[in-house]
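Student: Position chain B relative to chain A; hints supplied.
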Amino acid sequence: MKIITIIKQVPDAEARLHPAEEGIDLDGVTFVIDGMDEYGVEEALRLREQGFDAEIIAVALGPQRYEEAIRTALALGADRAIHIETDTVLDPITQAKVLSNLVSEEEAELVFVGGKQADWDSAALGPALAEALGWPHSDWTTKLDIGAGTLTVTHDTDEGQEDLSLPLPAVITTQQGLNEPRYPTLPNIMKAKRKELKKLPLDQWGGVQAKTAVVGEAIQVRERLNRVIEGDPVEAARELVRLLREEAKVL
Amino acid sequence: MIVVVAEHAGGKLRKSTLELVTVARRLASGLKSEITGLVMGSDVSPVADELARFVPKVVVAQDPELAEMRAEPLTTVITGLCKQVEARAVLVAASRSGLSYSPRVALRLDAPLLEDVTSVEVEGDQLVATRFSYLSRVTETVRALTWPVVMSVKPNLFPVAQAGTPGLAEQMRPSWGESDLRVQVGEKQTGQGGRVALEEADVVVAGGRGLGSAEGFAALVEPLADQLSAGVASTRAVVDAGWRTYAEQVGQTGKTVAPKLYLALGVSGAVQHLSGMNRSTIVAAINKDADAPIFKVADYGIVGDVHAVVPALRAALKELE
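As given, the protein sequences belong to chains A and B, one line each in that order. Residue 263 is where the first sequence ends in my numbering, and the numbering goes up by one at each step. Residue 380 is where the second sequence ends in my numbering, and the numbering goes up by one at each step.
Read the hints as simulated data drawn from the structure, not as lab findings. Some hints here could point you the wrong way.
Simulated pairs of lysine-lysine, DSS-like, Cα-Cα distance not exceeding 30 Å [said to hold, decoys possible]:
#1 A/Lys261 - A/Lys109
#2 B/Lys91 - B/Lys142
#3 B/Lys355 - A/Lys155
#4 B/Lys142 - B/Lys71
#5 B/Lys247 - B/Lys74
#6 A/Lys261 - B/Lys377
#7 A/Lys109 - B/Lys142
#8 A/Lys261 - B/Lys319
#9 B/Lys377 - B/Lys347
#10 B/Lys74 - A/Lys261
#11 A/Lys261 - A/Lys155
#12 B/Lys142 - B/Lys247
#13 B/Lys71 - B/Lys355
#14 B/Lys347 - A/Lys261
#15 B/Lys247 - A/Lys261
#16 A/Lys261 - A/Lys14
Next comes chain B alone, as it looks inside the complex:
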């Protein structure tokens, strides 16, 4: 069995889950396995119904203790199901939360972990995956040496699955061990507002120190991002200066994105930042410093003042509408 662990937000499946379904379908024939989807949460019937349009079987673990993303109870549910269905592979999205519980799942199942994979294949009787290393400068090929295999899949790289034959959903009742519920979740702050999630965005507009101030960032980056239905990203310098929140930071210590278009405004292009975006399909940069390293990784560059070019860009985009 291949287990696909669903991610959801606001009562809907995340795009990353449908990418996992694509990976699972590709592996299913090589592993001669069926696919089971797993949905966990406190009120997730609509999400389970949605997932059942894509996979033949959905297991729903519904429990008030699963309302929050906590690694230990999630690990207990996932490993419980994996043992029950004798899973060969467990697929998890390599989001912050997925990266938090997948190592625990691997350890508890005594399984290899293929982390943040960008491609995966069945080779002989083993799974072989590629992933990025050395601040995304190297692609490494990793072989899982035993079964089952736990795998976190990098978001935004695989196509979204199309609906298949409708499947069935069944309930599973989690039972908690003493240690499962010891972490308490307190207050939350969420960034990004109503914008598209950064890792899922097809277009990302990023702002750097060249925008001059928090106000400059808000005035130039945000409206352009809204016009392009894009996610907003920041450099570390901007976050350190307190202009923006960590949730938007792209780079070594922030998020890794690979959108179709990465539009960098006033971003100099430090190596740590590049590691978070250098796999984007197309990079365009606007910066007044012609020697800025960002131009080395850019497909298109405009050497100029963002305060002049961005409004002109918005006007040019408007002409298209």
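The following block holds chain A by itself, in its conformation from the complex:
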């Protein structure tokens, strides 16, 4: 069985973002593989280590710089990679349509997608990809077991958690708690350099038309009062209650 894990490359969570003339300036920012995508790679590796016969393919849609994140996925243990390389910024719905062509062509039966992307704060790609493929999906998945043609999962809901069973093929979006991703070892990083990384153009399956356009980006940090309340616990607590009530008017 083929397993595809979708990879994104995003700014490191600790990176400082700077405003630019238009949008934000990502120059000098450290980029990493999205942490939510690492859960997908790790889960695919674990399925194989449990004796499940699988070829693991890392797939990415994005600019040239994504290559580094793809190499990380290969160093973690993915067998080969496909990079649809483009500088065009596409919304998740349009990306899902493009990626569904690739998934169908590879005849993969299980696709992992990061639960929420750390750059666009979007959770749409996984469900949209499942819809484009005509497959079921589980989002915010924290536990996964594979049986004969069926997945049994636990996933987060608005109220808590619930178990689902879904037939394969399926899309799984990841959530923290699914597993603890490993670190790539030096020998595996070296080995990853020799693994196949196939490049495809965005129009491989025909013309692509975005559904939305980002027309502005602004860094907005709410100004905070940063007022430290002095005094012993009783005095400080009283003063905090007074301020919340009289000044902030939130009590």
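Tutor: Chain B alone, transformed into the frame defined by chain A:
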């Protein structure tokens, strides 16, 4: 037509639905459209009646297969209605479930998706929305390029709509395709007990590692939250340590909240946590480490031991009652 997809729990509309009605009313004149509410579930007549107080028309899809929140049957009902009424815009709450089926609805309608929007306007012949990105550090403006438009609206940002002229409810009978019912729902665990839903709470009390233990968390955070009728939130560290459930986690991999007051107890303030709460109106923090990053995003801070300050805080609040 503007379709508002209702969310409900325990036979009542969720607050988020009335926020959607507010957004729909604002868009209605610009789009020269009427509003239709859609209620889906297995036993939802009371919810439909409630929604009919706010919108002129309510469509009720009542079916045993809609008892559970499953993305595929919900998508089938929503897209069916949208095609029937020639919807221009579909409004969905950006809850976990809304975020799960709205991308499917967009894809099936071949529509743009405006995800997790914080404001939206009609500009010329297009919809333009704002939303947060880069772990909530950036506000981006997004234009939908075609019609209809599917939109998930961030909860707790828009005012709740007031009742209008009473509307009419009509039934719709869903018919299922082969693939609609293939996902089976098993056991459920629910967190939060009888407390107010985290995303809807005006006040959120959050606890971090500084509370020392699961018992410390329960003893300090819960009674204070109850006293303030607040939701309870946790940091990732606390969830990873097994003190609390994921349902309470706020941050990059948890929920995003923007209450009027976010009260952080023993929370250090990792960037991933801040991304889930940095849009709160007022942030107050209590932490014994004066250098904790949480103080940088706090309006009011007390440097002190939560075990001493929280009981004093509860006493001070009690004096007000």
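Student: For every hint, state whether the structure bears it out.
Tutor: Each hint, compared with the structure:
no.: 1; hint: A/Lys261 - A/Lys109; verdict: 48 Å, violated
no.: 2; hint: B/Lys91 - B/Lys142; verdict: 18 Å, holds
no.: 3; hint: B/Lys355 - A/Lys155; verdict: 36 Å, violated
no.: 4; hint: B/Lys142 - B/Lys71; verdict: 27 Å, holds
no.: 5; hint: B/Lys247 - B/Lys74; verdict: 23 Å, holds
no.: 6; hint: A/Lys261 - B/Lys377; verdict: 17 Å, holds
no.: 7; hint: A/Lys109 - B/Lys142; verdict: 21 Å, holds
no.: 8; hint: A/Lys261 - B/Lys319; verdict: 9 Å, holds
no.: 9; hint: B/Lys377 - B/Lys347; verdict: 24 Å, holds
no.: 10; hint: B/Lys74 - A/Lys261; verdict: 22 Å, holds
no.: 11; hint: A/Lys261 - A/Lys155; verdict: 43 Å, violated
no.: 12; hint: B/Lys142 - B/Lys247; verdict: 33 Å, violated
no.: 13; hint: B/Lys71 - B/Lys355; verdict: 39 Å, violated
no.: 14; hint: B/Lys347 - A/Lys261; verdict: 26 Å, holds
no.: 15; hint: B/Lys247 - A/Lys261; verdict: 39 Å, violated
no.: 16; hint: A/Lys261 - A/Lys14; verdict: 57 Å, violated
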